[in-house]
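Residue numbers (my numbering), protein chains in the order written: chain U, 1 to 473; chain F, 474 to 946.
Be aware that a few hints might be false.
[To be verified] Here are some chain U residues pointing at chain F (derived, C-beta under 8 Å):
| id | residue |
| --- | --- |
| 1 | 40 |
| 2 | 44 |
| 3 | 93 |
[What the hints assert, rightly or not] Beta-carbon label-pair distances, calculated as ranges:
| id | chain 1 | residue 1 | chain 2 | residue 2 | range |
| --- | --- | --- | --- | --- | --- |
| 4 | U | 60 | F | 945 | 41 to 47 Å |
| 5 | U | 99 | F | 878 | 39 to 45 Å |
| 6 | U | 411 | F | 537 | 49 to 55 Å |
I should point out that these hints are in silico values taken from the structure, not numbers from a laboratory. Remember, it's a predicted structure, so these values are computed and weren't measured experimentally. Glycine included, C-beta positions come from ideal geometry on N, C-alpha and C.
Protein chains: 2
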Amino acid sequence: MSEIKDITSRDKDFAAWYTDVVKKAGLVDYSSVKGSMIICPYGYAIWENMQKILDEKFKETGHENVQMPMFIPESLLNIEKEHVKGFAPEVAWVTQGGSECLEERLCVRPTSEVLFCDYYKKIIKSYRDLPKLYNQWCTIVRWEKTTRPFLRSREILWQEGHTMHATEEEAIAETLRMLHIYEDFQRNDLAIPVIVGKKTEKEKFAGAVASYSLEAMMYDGVALQNGTSHYFGDGFAASFGIQFLDKDNTLKTPYQTSWGVTTRMIGALIMVHGDDRGLVLPPNIAPTKVMIIPIGDHDKVRTVTDKITSELNTKGISYQIDDRDKTPGFKFAEAEIKGYPVRIEIGARDLESDEITVVRRDTLEKIKYPVSEVVDHLPELFENIQKNMYDKALQRRDSMIYEANTWDEFTNIAKYKPGFIKANWCGDETCENKIKDEFSMKSRCLIEDEEIHTNCVVCGKKAKYRLYFGRQY
Amino acid sequence: MSEIKDITSRDKDFAAWYTDVVKKAGLVDYSSVKGSMIICPYGYAIWENMQKILDEKFKETGHENVQMPMFIPESLLNIEKEHVKGFAPEVAWVTQGGSECLEERLCVRPTSEVLFCDYYKKIIKSYRDLPKLYNQWCTIVRWEKTTRPFLRSREILWQEGHTMHATEEEAIAETLRMLHIYEDFQRNDLAIPVIVGKKTEKEKFAGAVASYSLEAMMYDGVALQNGTSHYFGDGFAASFGIQFLDKDNTLKTPYQTSWGVTTRMIGALIMVHGDDRGLVLPPNIAPTKVMIIPIGDHDKVRTVTDKITSELNTKGISYQIDDRDKTPGFKFAEAEIKGYPVRIEIGARDLESDEITVVRRDTLEKIKYPVSEVVDHLPELFENIQKNMYDKALQRRDSMIYEANTWDEFTNIAKYKPGFIKANWCGDETCENKIKDEFSMKSRCLIEDEEIHTNCVVCGKKAKYRLYFGRQY
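Model the full assembly from the supplied sequences, consistent with the hints where possible.
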């Protein structure tokens with residue numbers, strides 16, 4: 001199998017392995033447009049499944065989809081000072097429309113807080129107009145210098161929720177509610193364990209009071225920030241002059257949140273679950289749960305293939321049949337590259353004893369089932385695969401989380417052991433920066449449920465916080 | 474009802490009526506970004522329903538969704554000469570990324586033919602790679618000078634299919650297949666009768682061999698081009714140097730199509746079906762099929778409301794309950810503005826005789842049903858509404874299609890009767906232009922199923938074609 005031979009071993013060169021997998025599994029392709037990628041049908045189908053599950057959760061919790069403009073006039077971007085500082089250096093500017101030069105340049109939205117605020121200012125007048133729970137699915141642009149498929153790209157497909165609330169409590173509850181919807185989705189559907197927590201002041205979103213993130217650990221021990229939920233307080237709302245008449249007949253400024261996840265989650269799927277044979281997709285998110293590979297040109301094989309597909313249709317299990325003119329070996333290898341949760345091999349020899357071989361992608365285990373039972377076994381098998389993938393990822397991640405109480409301990413781990421380090425911190429940005437400068441490790445998020453016994457791992461002064469540190473994509 | 478009073482009569486000022494309806498029904502709102510609109514939750518929910526139905530049809534016919542870059546480098550746009558001539562004057566140009574000026578300016582895609590061609594050149598090598606049946610849902614930008622919600626906007630939400638085929642026959646068949654998928658969708662789901670046909674050379678898409686369009690007539694007799702399907706021959710493919718090794722071992726150039734529909738279809742829904750009370754939505758596309766309005770604060774009303782909603786849930790019929798602290802009259806009027814196909818009034822007085830009032834939005838007819846039967850009647854009622862809306866639209870349209878055999882006849886109709894004119898044409902662009910210049914009427918499309926008896930309606934020379942003419946949005 002030339003394709004498999006061409007996949008770099010992930011333990012040898014993880015970056016090359018990643019590029020091989022995204023390309024050979026048919027997830028993305030490169031375009032002639034620098035910094036922009038093409039999302040191929042298989043990659044896009046994964047994104048559609050993510051959208052479907054999340055969109056349902058958003059709607060169940062009362063959110064409505066809207067579509068805002070994709071351009072932001074410079075003067076609008078400039079209204080919130082912290083925000084513009086954070087984003088202006090990395091936006092694309094439209095300066096010409098048709099043959100005319102624009103009087104004011106427009107940036108292609110890097111995120112849409114200011115567009116939503118501009119709209120909310122217009123439509124929020126009374127407590128009766130609150131909460132506003134809006135979301136949009138769209139593409140944003142950030143002018144990145146170096147790009148990698150799904151992880152860092154000039155164009156990003158994402159969703160961004162933007163909500164406004166009458167009270168601080170309600171807005172904070174919304175921030176955490178959406179954080180936990182993401183967490184459940186990533187755990188249950190993507191089979192990716194995530195650490196959720198508050199970002200430090202230095203790492204929070206430009207303009208936010210508090211940013212919460214979902215931190216996943218990739219196979220190589222490097223962190224991927226896999227979604228964020230921000231509480232804005234009334235900062236943006238005040239800058240934009242948004243006010244509502246409350247029940248007590250006084251004018252108040254509403255409280256705001258925003259939250260988003262992107263196609264980056266596809267990168268996480270690859271880097272958490274993939275192996276040297278290619279992609280491994282959890283059944284809950286796989287566009288095709290079963291790849292059927294009929295072996296040989298026998299009537300019996302055809303009859304059984306028809307029987308199996310008709311049962312899969314009845315049960316609503318997604319499948320494809322690989323009946324191309326290729327060897328079974330080629331097809332098995334390709335099914336592995338594509339990461340279909342299960343492949344079913346239907347061959348004349350097995351059928352002599354009325355059996356069919358099912359191969360799990362996660363363990364590569366081969367299981368023989370009687371023809372009449374195979375489809376009945378699948379739902380349970382999918383559950384097992386889903387659970388096994390999560391457990392395996394959790395185990396690997398936990399085995400790569402270390403604890404450092406002194407600078408020496410921190411240095412030793414940071415130098416030689418990939419993964420996350422738990423450590424105490426005084427809260428001073430100088431200490432946070434030292435870790436970043438020496439080891440390229442950023443604070444991931446605060447740990448709020450563990451007691452602080454020791455002092456700051458950097459300066460030795462009294463610690464105020466406990467943190468995860470890690471290198472990041 | 475202040476909202477209703479504020480809707481201009483459609484017979485008095487159709488343009489003002491349209492603006493009132495899109496705004497008061499909560500479909501769109503204006504933004505501070507010139508030329509870009511905000512699609513509000515209700516408008517976006519209609520678009521999501523359109524997407525859902527069409528996307529399923531695309532997938533059933535073997536198409537796959539992808540996502541291409543949103544930027545096109547100028548050199549790439551320049552490759553196909555006709556195409557660039559058609560689009561370059563109306564694109565938005567990105568000239569700065571972050572703090573640097575770009576070496577080559579990038580346009581925000583006005584359509585993606587060249588991006589798909591650039592990609593197809595890379596992935597099409599053999600007849601085995603064909604056909605390629607790709608589609609994408611995205612936003613495009615055209616730098617329009619004057620804009621109107623849904624009809625003409627700088628940003629347009631749409632889908633664009635781009636396919637490549639080994640033979641001319643297959644590509645032509647695809648062009649027509651997609652045209653007819655659009656036609657069925659508009660007839661059956663939007664309840665909009667459409668005339669489908671080929672555009673003249675003058676009116677075809679920049680770079681196409683043949684363009685087919687769906688021409689709908691609005692209430693005011695003005696045409697709306699409500700979707701197009703293009704056959705490109707091998708023009709783009711040759712310009713881009715796309716070649717494949719065919720079965721006969723020779724290198725050939727593939728044949729191409731593209732096809733698209735946009736949120737403009739929402740504009741058509743409004744202008745075909747709406748009335749002086751607001752929007753009227755066909756049940757097949759309405760985000761909320763039933764608005765329930767409980768009247769008064771009685772136990773019985775609450776019990777029956779619960780019973781009805783539980784039955785609606787079981788049957789999977791979408792509904793909302795308007796239990797706000799407003800008068801029934803206000804709620805009825807708002808339900809009419811929003812165009813819900815059916816409203817159910819649950820009031821204590823009706824319940825005394827165990828009845829419920831159902832009001833059809835299309836006819837405003839009030840029907841009383843026994844409580845136990847009301848939900849059972851709904852599916853048939855929806856079918857009737859859907860059919861009635863189509864029939865009514867068809868009747869109005871047909872009553873506004875005229876036939877002109879001489880220039881005098883044409884002039885008389887064009888001056889005094891809004892609608893379409895069927896006429897014969899010699900095929901000379903001078904004659905087509907004369908109609909455009911004198912009456913602002915463009916050729917809509919060729920009529921291929923009617924015989925040509927008379928001469929060109931403009932010059933009197935021998936006619937080659939029969940055409941629809943009409944003013945357009």
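Here is what the structure says about each hint:
1. 40: Holds, because the Cβ-Cβ distance from residue 40 of chain U to chain F comes to roughly 6 Å (cut-off 8 Å).
2. 44: Because about 5 Å separates residue 44 of chain U from the closest Cβ in chain F, which is inside the 8 Å limit, the hint holds.
3. 93: 4 Å, holds
4. U:60 with F:945: 41 to 47 Å: With Cβ atoms ~42 Å apart, the hint holds.
5. U:99 with F:878: 39 to 45 Å: For residue 99 of chain U and residue 878 of chain F the Cβ distance comes to about 43 Å; the hint holds.
6. U:411 with F:537: 49 to 55 Å: Hint holds: Cβ distance 50 Å, inside 49 to 55 Å.
The structure shown violates none of the earlier numbered hints.
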